[in-house]
Amino acid sequence: MPIIVVEVMPKAEILDPQGKAVAGALTRLGYTDFSGVRMGKRFELTVDGPVTPEILAAVKVVADEILSNAVIEDVVSITELGA
Amino acid sequence: MPIIVVEVMPKAEILDPQGKAVAGALTRLGYTDFSGVRMGKRFELTVDGPVTPEILAAVKVVADEILSNAVIEDVVSITELGA
Amino acid sequence: MSTHVADTVENAIATPDKEQPYAALGLKPDEYAQIREILGRRPTSGELAMYSVMWSEHCSYKSSKMYLRQFGQKVTAKMKEKLMVGMGENAGVVDVGEGWAVTFKVESHNHPSYIEPFQGAATGVGGIVRDIISMGARPVAIMDQLRFGAIDHPDTARVVNGVVGGISFYGNCLGLPNIGGETYFDSVYQGNPLVNALSVGVLRHEDLHLANASGVGNKIVLFGARTGGDGIGGASILASDSFDAAGPTKRPAVQVGDPFAEKVLIECCLELYRLGLVEGIQDLGAAGISCATSELAANGDGGMIVHLEEVLLRDPTLTAEEILMSESQERMMAVVEPGKLDAFLAVVAKWDVETSVLGEVTDTGRLIIHHFGEEIVNVDPSTVAVDGPVYERPVAYPLWLDKLQADSASGLPRATTGEELREQVIRLVASPNLADKSFITDQYDYFVMGNTALSFPDDAGMIRVDEESGLGFAIATDANGRYCQLDPYAGAQLALAEAFRNVAVSGAVPVAVTDCLNFGSPENPEVMWQFKQAVEGLADGCLELEIPVTGGNVSFYNQTGDQPIFPTPVVGVLGIIDDVARRIPSAWQDEGNNIYLLGYTRDELDGSAWAGTIHDHLGGLPPVLDLSTEMDLASLLQGAAIESLVLSAHDLSDGGLAQALAESVMRFGVGARVWLNDIIERDGVDATAALFSESTARVLVSVDREDDVRFVGLCNARNYPVLRIGVTDQRGDEAVLDVQGQFVIPVSEIRERSNETLPKYFG
Amino acid sequence: MRIGVITFPGSLDERDAQRAVRLAGAEPVALWHGDHDIQNVDAIVLPGGFSYGDYLRAGSIASHAPIMAEVIDAANKGVPVLGICNGFQMLAEARLLPGAHTRNAHQHFIRRDQKLRVENNTTAWTTQFTLGEEIIIPLKNADGLYIADAETIKRIEGNGQVTFRYAGLNPNGSMNDIAGVSNERGNVVGLMPHPEHAVEPGFGPNTAVAMRSGLDGLKFFTSVIQSTLLAHA
Ligand SMILES: Nc1ncnc2c1ncn2[C@@H]1O[C@H](COP(=O)(O)OP(=O)(O)O)[C@@H](O)[C@H]1O
Ligand SMILES: [Mg+2]
Chain A
1 MPIIVVEVMP KAEILDPQGK AVAGALTRLG YTDFSGVRMG KRFELTVDGP VTPEILAAVK
61 VVADEILSNA VIEDVVSITE LGA
Chain B
1 MPIIVVEVMP KAEILDPQGK AVAGALTRLG YTDFSGVRMG KRFELTVDGP VTPEILAAVK
61 VVADEILSNA VIEDVVSITE LGA
Chain C
1 MSTHVADTVE NAIATPDKEQ PYAALGLKPD EYAQIREILG RRPTSGELAM YSVMWSEHCS
61 YKSSKMYLRQ FGQKVTAKMK EKLMVGMGEN AGVVDVGEGW AVTFKVESHN HPSYIEPFQG
121 AATGVGGIVR DIISMGARPV AIMDQLRFGA IDHPDTARVV NGVVGGISFY GNCLGLPNIG
181 GETYFDSVYQ GNPLVNALSV GVLRHEDLHL ANASGVGNKI VLFGARTGGD GIGGASILAS
241 DSFDAAGPTK RPAVQVGDPF AEKVLIECCL ELYRLGLVEG IQDLGAAGIS CATSELAANG
301 DGGMIVHLEE VLLRDPTLTA EEILMSESQE RMMAVVEPGK LDAFLAVVAK WDVETSVLGE
361 VTDTGRLIIH HFGEEIVNVD PSTVAVDGPV YERPVAYPLW LDKLQADSAS GLPRATTGEE
421 LREQVIRLVA SPNLADKSFI TDQYDYFVMG NTALSFPDDA GMIRVDEESG LGFAIATDAN
481 GRYCQLDPYA GAQLALAEAF RNVAVSGAVP VAVTDCLNFG SPENPEVMWQ FKQAVEGLAD
541 GCLELEIPVT GGNVSFYNQT GDQPIFPTPV VGVLGIIDDV ARRIPSAWQD EGNNIYLLGY
601 TRDELDGSAW AGTIHDHLGG LPPVLDLSTE MDLASLLQGA AIESLVLSAH DLSDGGLAQA
661 LAESVMRFGV GARVWLNDII ERDGVDATAA LFSESTARVL VSVDREDDVR FVGLCNARNY
721 PVLRIGVTDQ RGDEAVLDVQ GQFVIPVSEI RERSNETLPK YFG
Chain D
1 MRIGVITFPG SLDERDAQRA VRLAGAEPVA LWHGDHDIQN VDAIVLPGGF SYGDYLRAGS
61 IASHAPIMAE VIDAANKGVP VLGICNGFQM LAEARLLPGA HTRNAHQHFI RRDQKLRVEN
121 NTTAWTTQFT LGEEIIIPLK NADGLYIADA ETIKRIEGNG QVTFRYAGLN PNGSMNDIAG
181 VSNERGNVVG LMPHPEHAVE PGFGPNTAVA MRSGLDGLKF FTSVIQSTLL AHA
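Residue numbers (our numbering), protein chains in the order written: chain A, 1 to 83; chain B, 1 to 83; chain C, 1 to 763; chain D, 1 to 233.
Note that these hints are calculated values from the structure, not bench results.
Check before you lean on any hint, since a few could be wrong.
Said to hold, decoys possible - Below are the PhoX-like pairs computed for lysine-lysine, each with C-alpha atoms no more than 20 Å apart in a straight line: (1) A:K60 - A:K41; (2) D:K115 - B:K11; (3) B:K41 - B:K20; (4) C:K532 - C:K65; (5) C:K340 - C:K350; (6) A:K41 - B:K41; (7) B:K20 - A:K41; (8) B:K41 - A:K11; (9) A:K41 - B:K11; (10) B:K11 - B:K41; (11) B:K11 - B:K60.
Okay, chain A solo, but in the shape it has when bound (with noise of 0.2 Å):
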């Protein structure tokens, strides 16, 4: 069955706390090569039938109201998985 990815980071202005520790968590553990970290959601939504527009549209909404908080987070892709 085919699969949608949608993913989903914090905005770039927002405080990201999970990529903060985990960035903290690299340094000390000595890999020094990395500036940052930032990190965000990765969701599989597996489609009963075939992938039509109106399933994208409807992804597309999903993406935007269910699986992302748009006052702190940005839906960076919506693909189909092998397409």
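Could you slot chains B, C and D with the ligands onto chain A? The hints should help.
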């Protein structure tokens, strides 16, 4: 500065309570085209200089040993943003 | 590095006619003119940023100041006895004995919590906790006072789950027990929920710290999280104006909280205090660096030089003005002696906290801020922080009030049969405001720290301060917006009395008060009248009870469109108990104890939960209050606690005796057999009033049969009305609440109806 | 008898764990995550909390702390180690214990007085319990769902490594109602509920007898004192 994206998903056979909760919410809200949702993580690592093979090797180690827990998760991709 | 060209003092002198966006920053034309007069020139953009945030309603208290003065004026010698730090500091401090002190304060985060409920509420907890740290105390507890729109409104679940999730996330992650709060639903809060948070801290007397920058040459150090672009305009735009008036900002108005950073900051600060490395300290909340620098300077020797480029930034594109206004969370500013700076930096490094030295204390009387060598601010700090504008806003008696007060609930139809009464009891028990709040409180940790002697659903939260002696404090908060709508003076006093009573039933002695005054727009004369009445009521009430207001918070502009919320002054009362082992829980745990009702019941149903739930009615006058009776009741309960005469004590408030009985049987599943005849006969009321009246100064207690004579003797000796109204009955599956001659309800049924309401809407 | 309690940045219940050690009759020793020294203690407690905010995965960043090298070393030599809640998550992340944790099934943080069944009373931390005994221990966490692949579950069930099971109600969706597990040797035990919060009258969980009266947590600490004495005898 270059950004490397690491994506981590719960293993297929492992229970994903967050994905399940999202799936439930979608169904309740009337989005019935999706037979399942899984939720993983997306990390963006900003690299200080050029992306050398050494840095890519370090990212691989970091992805496997820190950003993911092999007991329950898979690293599904490591890519350079925009590359 | 910032590419923005700073507006320097020199530039301001050279370009006196430059137009400045003061209105967009929330300043009125006359306020802008006043700033120009103070400076003798136009402000630089940095100065404008500072004045605008510091002169906002939220930071300057410009509409409320003239009323709040009463809290400092209506005081007796006794009220000052235990007060180590009163109004005006980050939080009040009370001497609780044995060398210990307690500091506490309640604050609002209403507007941010509507826009982004999770982060708004989370950062609300973070902010109040930093106030407590800045007094030199270890935070030991939090509470949350929440008011949401109608439970069945489509937007309410978003707000409830966000707010509760945010408080749970931040408070639990910080490791602070949540020991109580309030949850109310009413459509007046639909577009403007109230999210108040309270924190309590504990310190040894010698650890007291204040926010002042003294000692010329001492270093000004900023530490904690980096400064970012979040929350800019939060202070002036979010808190000073209603949402629809909010202008566009390019920076996000919301802030994201990082409780982990704050937890580390707490431990770091406590270690700094322990080692004596800090002379003065201030938390960064609303108005960020503007507030911290100007308040520290104004409260100290008056002068300070700051090099703004030393501020560690999360976002290098921030302009100087934005750095001054940023409300990034989890930051503190300390004043450190130069000789102790290395030791200070070592502690901060141990905790992995980022730090930078911004400048030092001077004797110039001026707060001077440089940005990359250029002077962008040169002000008298007290004109920013202390001597802001003060308004005597127009006040008008609301014309609708006479009609509302005339519309008493006493004429509403009453139940004529036991069966009807039973049904009403159940409806009240299941109503959103009286239903079980476990759905919320189960998300809060109260075990952490191992000192929680009482917490929800007890009437007060109680924390052990000293593990050896058992010394502790109790705290409860209350507010009844419905009563305040009917009469804000009486309503504020009723809230005070209920919180006072809730502390007293726990066995503690009430000693101090904090408050968070949530009101509509101060520019509405009717709202200003409500505010004036409520403050007067509270100040007069405190004077009569002889317990001081030690600090608090005012939140104006709480309205949806033109519709102000009910006036909602949240009142918190702190009490002391010598040994928490003598705490009194609010429900009975065993069979065969006697149940007594203390106090008289009058036919008082106006504004009650019964009128609201059964008849959708609000009108009339709130219950009569006699604070001297409340004091008698409190001292009676303390006597009983010292002699361990009562097994449980639960105050009667919303929903009256019926609700108190329901809560008492549900808690541990121990039923009760109760009779109303004696109340009805003695007090001349009917069964409806006996069950649902919200008369004040009443408490339900359970007493071991062995202590019966002594307990009744105690009440009689103090001339306090007491009636035996029942006995506790069997526990377990067969447990019932049997109100003899009226109805019988299985405890399981009460529990089910009470428990199902919140999960039904939010689960 | 000296029992070390490690403080990580974001640890919350370490003072409570120290109090529990004291009440059980041993001497608590405060250990610091950044040190490479466990000060020769006889047993180690990894306390609850939100180390590093638990932002990546609960316990994961702390599992890489400097002191963890010493903890792993000591554990492999047979020193008793108890991981409570976040400590359990760290031990799983460090692979000293099988399995992993993820978000509670209902997605909320939950705090409750939790009934547990003791499934193994031969580990270093459970000898004072009787097999099958039901105890009440406070539970409070957001990421408490115990999870492992089918093979691991089968193995630990077969080996008797499931030490505690949720009784009455599974509060978070944990597989096989698993609340706590041990390593094969039985010296390392981890569980989600907090025994250090059931050690002092007036401050523990509610029981059928009275509110806040539960003391079942004390036996974890008296067990390790007893098993250590036996081991040294
Ligand atoms: N949001 C909340 N957070 C913490 N505790 C709460 C909250 N809402 C209600 N509670 C607790 O639930 C119990 C019942 O609340 P309420 O009926 O308002 O108490 P009271 O009538 O004594 O003021 C109290 O112990 C109170 O502290
Ligand atoms: Mg009460």
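Take a quick look at whether K20 of chain B and K41 of chain A sit within 20 Å of each other, Cα to Cα. holds (15 Å)
For a C-alpha distance cap of 20 Å, please report whether K60 of chain A and K41 of chain A respect it. Judged against 20 Å, a Cα distance of about 16 Å means the pair holds.
Does the alpha-carbon distance linking K41 of chain A and K41 of chain B stay inside the 20 Å limit? Since the Cα atoms of K41 of chain A and K41 of chain B sit roughly 4 Å apart, the hinted pair holds (cutoff 20 Å).
K11 of chain B and K41 of chain B: Cα distance at most 20 Å? holds (12 Å)
Restraint status (C-alpha distance of K41 of chain B to K11 of chain A at most 20 Å): holds (15 Å)
Given pair status - K11 of chain B, K41 of chain A, alpha carbons within 20 Å: holds (15 Å)
Take a quick look at whether K11 of chain B and K60 of chain B sit within 20 Å of each other, Cα to Cα. Holds, at roughly 18 Å.
Between K115 of chain D and K11 of chain B, is the straight-line Cα distance small enough, at 20 Å or below? violated (31 Å)
Given the proposed pairing of K41 of chain B with K20 of chain B, does the C-alpha separation stay at or below 20 Å? Within the cut-off at roughly 15 Å; holds.
K340 of chain C and K350 of chain C: Cα distance at most 20 Å? holds (16 Å)
Is the Cα-Cα distance between K532 of chain C and K65 of chain C 20 Å or less? holds (11 Å)
Figure legend: structure checked against the earlier numbered hints; the only hint not met is number 2.
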